[in-house]
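**Q** Residue-level listing of the chains:
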Amino acid sequence: MPEVKIQGASLAYEESDVINFAEGLIGLPRLRRMVLVKQTDVEPFLWLVPLDDERLAFLVVDPRALFPGYAPSFPAELRDRIGLGEDEKPLMLSIVVVGRDLRSSTVNLRAPLIISPRSMRGTQVVLTESDYRVDHPLPVALAA
Amino acid sequence: MLVLSRRAGEKVVIGNEIVIEVLAINGNVVRLGITAPRSTSVHRFEVFAEIERANRAAAEAQGLHREMIERVAAQLRKDDAKDR
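Going line by line, the protein sequences match chains A and B. Residues in the first sequence are numbered from 1 upward in steps of one, following our numbering. Residues in the second sequence are numbered from 1 upward in steps of one, following our numbering.
Don't read these hints as lab results, they were simulated from the structure. Incorrect hints may appear among the rest.
Cut-off 30 Å, straight-line C-alpha distance, at most; resulting in silico cross-link-like pairs (DSS-like, lysine-lysine) [what the hints assert, rightly or not]: (1) K38/A to K5/A; (2) K38/A to K89/A; (3) K5/A to K78/B; (4) K89/A to K78/B; (5) K38/A to K78/B.
Coverage of chain A stretches by chain B, computed from C-beta distances (three or more under 8 Å per stretch; other residues unrestricted) [as the list claims (entries may be wrong)]: (6) 51-63; (7) 94-100; (8) 124-138.
Treat the numbers as computed from the prediction; the structure is a model and nothing was measured. Heads up, the beta-carbon is just placed ideally off N, CA and C, and yes, glycines get one too.
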C-alpha cells in the first residue's frame, strides 16, 4: 500500500483515496493529487497531503463540525466542475492555520474545499458574495 | 505586460472565450463587465491574494510543533464535548 509521511510518521493510503484537484489550490496550482489521512491525536483535524509535493501538508477540518450554521451557497457550475451527482452530498473541508493556541488559530471559511466522494474530484471554491473570512477564528466555546 | 488603452464601451478579448468590457469610468473607478466560460473563475485580486497567502501558510503545517497541533486539537475537542 502506498504511504505518505506526516511529521516522520508513515501513513498508508489506497489509490482510491486520492482526490484530484484539476486546478490545484488557489496560488498552488501544481498540487493536484491529494490524500486525506487521519491521525487520532490531531482530530478533529485531518491531514490533506499533496502527492505532488510531500514536504507540504495541510491541516483541514469539516467546517460544519465547528460551525453548525455554516451553509454557504455555491456557484451553479460547481456540480459540473467536480462531477457532483444531483443526489450526492459533497465532502466539505476548510484549511486551518494552527497557531500557538486555539485563540490564535484560524480556519478559512471563505474558500472551502468541495469534493465529490463519488468522482473524487475536488476544487477550492471562493465564496465571492459572502462575509465569511479567510482567517476566521476557531470557535472557543467556553474558554473564558 | 501588454498595456492597452480602452474607452468606456470598448472591449478586450483574452483567448477565444473571455471578453472584458469597460462599462463605465467614473473618476478613478473603472467598472468592468467580464464574460467568461462558467468553468473560469474570476475574482477580485485582493481576495485571490489573501487566499493564496493563507494557502501557502497552511501548506507548511508539517513544520509545526507536534505538541502545538495536538494542543489546539485537544482544546477544540474539549469545546465540542462541552457543547453536547
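**Q** Sort out which numbered hints this structure fails and list those numbers smallest first.
**A** none
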